[in-house]
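Peer 1: Chain A is fixed; fit chain B with the ligand onto it per the hints.
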Amino acid sequence: MLRCKQVSQALASDDYWELPLRKRIGLRLHVFLCVVCGPFNRFIMLMQDAKRHYLKHEQEDPPPPHLCLSCDAKQRLVESLNRENDAT
Amino acid sequence: MFRYAYVRLKSHAVAEDIVQETFLAAMKAKERYQGRSSERSWLMGILRHKLIDYLRKAAREVKLEDVEPEGFEDTLMFKEVGVPHWRPPKWHFNPRKVFEQKEFWDVFSDCLTKLDKRMNLAFTMKELEGMSTEEVCQELGVEPTYLWVILYRARNGLKACLEKNWLKKNKGVKELNAAV
Ligand SMILES: [Zn+2]
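Sequences listed follow chains A and B, in order. Note that this note's numbering has the first sequence beginning at 1, numbered continuously upward. Note that this note's numbering has the second sequence beginning at 1, numbered continuously upward.
Chain A with its partners taken away, still in its complex shape (with noise of 0.2 angstroms):
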C-alpha cells in the first residue's frame, strides 16, 4: 500500500495521467479511501483532470468571440506580412 506521503509527492510533480496504469490505479485508490490525504489530493486530482480537459477543448472547440484576434489587430496582422513580403 501506498503511502500518504508518496501520493503526495507524486501528485505534486507530475500530472498522474503520465504515470504509468498501475501506478495510477494505485494513487486513485489510496486517494479515494484515505480521510487523511484524500480530500487534499482529490482537490489536485481534480484540476489535474480539469486542466486536461481544458486543453482538450482548447484544440477542438472554436474560442469565444472576445478570445479572438479583433478586426483591428487582424488588420495590423496583414498589414506588417504584406510590407514583409514587399521588403523581400
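Simulated from the structure, these hints should not be mistaken for laboratory data. One or more of the hints may lead you astray.
[Unchecked claim] Result set (DSSO-like, lysine-lysine): computed pairs, CA atoms no more than 30 angstroms apart in a straight line:
#, chain 1, residue 1, chain 2, residue 2
1, B, K50, A, K74
2, B, K90, A, K23
3, B, K168, A, K56
4, B, K168, B, K10
5, B, K50, A, K56
6, A, K23, B, K97
7, A, K5, B, K159
8, A, K74, B, K159
9, B, K117, A, K23
10, A, K56, B, K30
11, A, K74, B, K117
12, B, K28, A, K5
13, B, K114, B, K159
14, B, K10, B, K164
15, B, K10, A, K56
16, A, K5, B, K10
17, B, K117, A, K56
18, B, K114, A, K74
19, A, K56, B, K174
20, A, K23, B, K30
21, B, K57, A, K74
22, B, K97, B, K169
23, A, K56, B, K164
24, A, K56, B, K79
25, A, K74, B, K171
26, B, K169, A, K56
27, B, K57, A, K56
No experiment lies behind these values; they were computed from the predicted model shown.
Peer 2: Okay, now just chain B with the ligand, sitting in the frame of chain A:
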C-alpha cells in the same frame, strides 16, 4: 492562436505581437515547411516556441521583483503526510458534470487570465505547457516544495473564480429562461 497566446500571457498586446511574430517567422521559413504536419500544427509549434521564450523572460523578471510569500510547508501535517492541515474548499456544483459543458471552459480560460502574475506563470509553464518541475523551478528561482505551494494556490484561486463565475453565468441563463 490568439486565444492560446492570450490565456498564457495575459496581455492582449503581447499576445497580438507573438501571433504576428509567428506569422512573420513562418513566412521566412516557408521553404522549410515540408507539409509533414498540418499547417496549423506547424504554426502552433512556432507559436509555442516564441511563447516559452517569453515566459522565461517574464519569469526572470518576477524572480527579481518578488519577495518570498509565507508558505505552509513548515506545518507538521505537511512534513508527515505531504499535505497542509487545512481542507480544500467544497464545490457548490458537481464539477465533473460541469466538465461536459463547453461554456464552462470559456469561463475557465477567463479565470486563467485572472490569476496573479507569479501563479499564472507557474501554472502556465508547469500545467499548460507541461514543462518539468526542475525547469520551472529554475526559471522562477524557487524550490520544488515552494513551486508546489504556488501551484496549489493557483488551483485554489482558479477554483474560486470558476465557482463564482460559473454560478453567475448559470443564474443569468436561468433568469433569462424564466423571463421568456
Ligand atoms: Zn493518504
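Peer 1: Against this structure, judge whether each hint is valid.
Peer 2: We went through each hint and held it up to the structure:
As the CA atoms of K50(B) and K74(A) are separated by approximately 19 angstroms, the hinted pair is consistent with the 30 angstroms bound. With a C-alpha separation of about 27 angstroms, the suggested pairing of K90(B) with K23(A) holds against the 30 angstroms cut-off. Only pairs whose Cα atoms come within 30 angstroms are accepted, and K168(B) paired with K56(A) is accepted, the gap being roughly 24 angstroms. With a C-alpha separation of about 23 angstroms, the suggested pair K168(B) and K10(B) falls inside the 30 angstroms cut-off, and the hint holds.
Annotation: proposed proximity of K50(B) to K56(A) holds, straight-line Cα distance about 21 angstroms (limit 30 angstroms). For the suggested pair K23(A) and K97(B), the alpha carbons sit about 26 angstroms apart, so the restraint of at most 30 angstroms is met. Restraint check for K5(A) and K159(B): satisfied, since their Cα atoms lie roughly 24 angstroms apart, inside the 30 angstroms limit. At roughly 33 angstroms between alpha-carbon atoms, K74(A) and K159(B) are farther apart than 30 angstroms, so this suggested pair is violated.
Between K117(B) and K23(A), the direct Cα distance comes to roughly 34 angstroms. Violation of the 30 angstroms bound is thereby established for this hinted pair. Taking the CA atoms of K56(A) and K30(B), the gap is about 28 angstroms. The hint holds against a cut of 30 angstroms. Restraint check: the Cα-Cα separation between K74(A) and K117(B) comes to about 27 angstroms, which is no more than 30 angstroms; the hinted pair holds. Straight-line distance between C-alpha atoms of K28(B) and K5(A) comes to about 51 angstroms, which puts the hinted pair past the 30 angstroms bound.
This hinted pair checks out: K114(B) and K159(B) have alpha carbons roughly 12 angstroms apart, not beyond 30 angstroms. Restraint check: the Cα-Cα separation between K10(B) and K164(B) comes to about 20 angstroms, which is no more than 30 angstroms; the hinted pair holds. A hinted pair counts as satisfied when its Cα atoms are at most 30 angstroms apart, and K10(B) with K56(A) qualifies at roughly 20 angstroms. For the proposed pair K5(A) and K10(B), the alpha carbon gap of about 35 angstroms is over 30 angstroms, so the pair is violated.
Using a Cα cut-off of 30 angstroms, the hinted pair K117(B) and K56(A) holds, with the two alpha carbons roughly 24 angstroms apart. Between K114(B) and K74(A), the direct Cα distance comes to roughly 25 angstroms. Compliance with the 30 angstroms bound is thereby established for this hinted pair. A C-alpha spacing of about 28 angstroms is found between K56(A) and K174(B), which places the hinted pair at or below 30 angstroms, so the restraint holds. Restraint check for K23(A) and K30(B): not satisfied, since their Cα atoms lie roughly 44 angstroms apart, outside the 30 angstroms limit.
Simply put, K57(B) and K74(A) have alpha-carbon atoms about 26 angstroms apart, close enough for the 30 angstroms limit, and the pair holds. Among the hinted pairs, K97(B) with K169(B) is consistent with the structure: their alpha-carbon atoms are about 16 angstroms apart, no more than 30 angstroms. Using a Cα cut-off of 30 angstroms, the hinted pair K56(A) and K164(B) holds, with the two alpha carbons roughly 23 angstroms apart. At roughly 35 angstroms between alpha-carbon atoms, K56(A) and K79(B) are farther apart than 30 angstroms, so this suggested pair is violated.
Restraint check: the Cα-Cα separation between K74(A) and K171(B) comes to about 34 angstroms, which exceeds 30 angstroms; the hinted pair is violated. Under the criterion of a C-alpha separation no larger than 30 angstroms, the hint pairing K169(B) with K56(A) is consistent with the structure, at around 22 angstroms. Between the alpha carbons of K57(B) and K56(A) the distance comes to roughly 27 angstroms, so the proposed pair stays at or under 30 angstroms and holds.
Violated hints, listed in ascending order, are 8, 9, 12, 16, 20, 24 and 25; each of the other numbered hints is respected by the structure.
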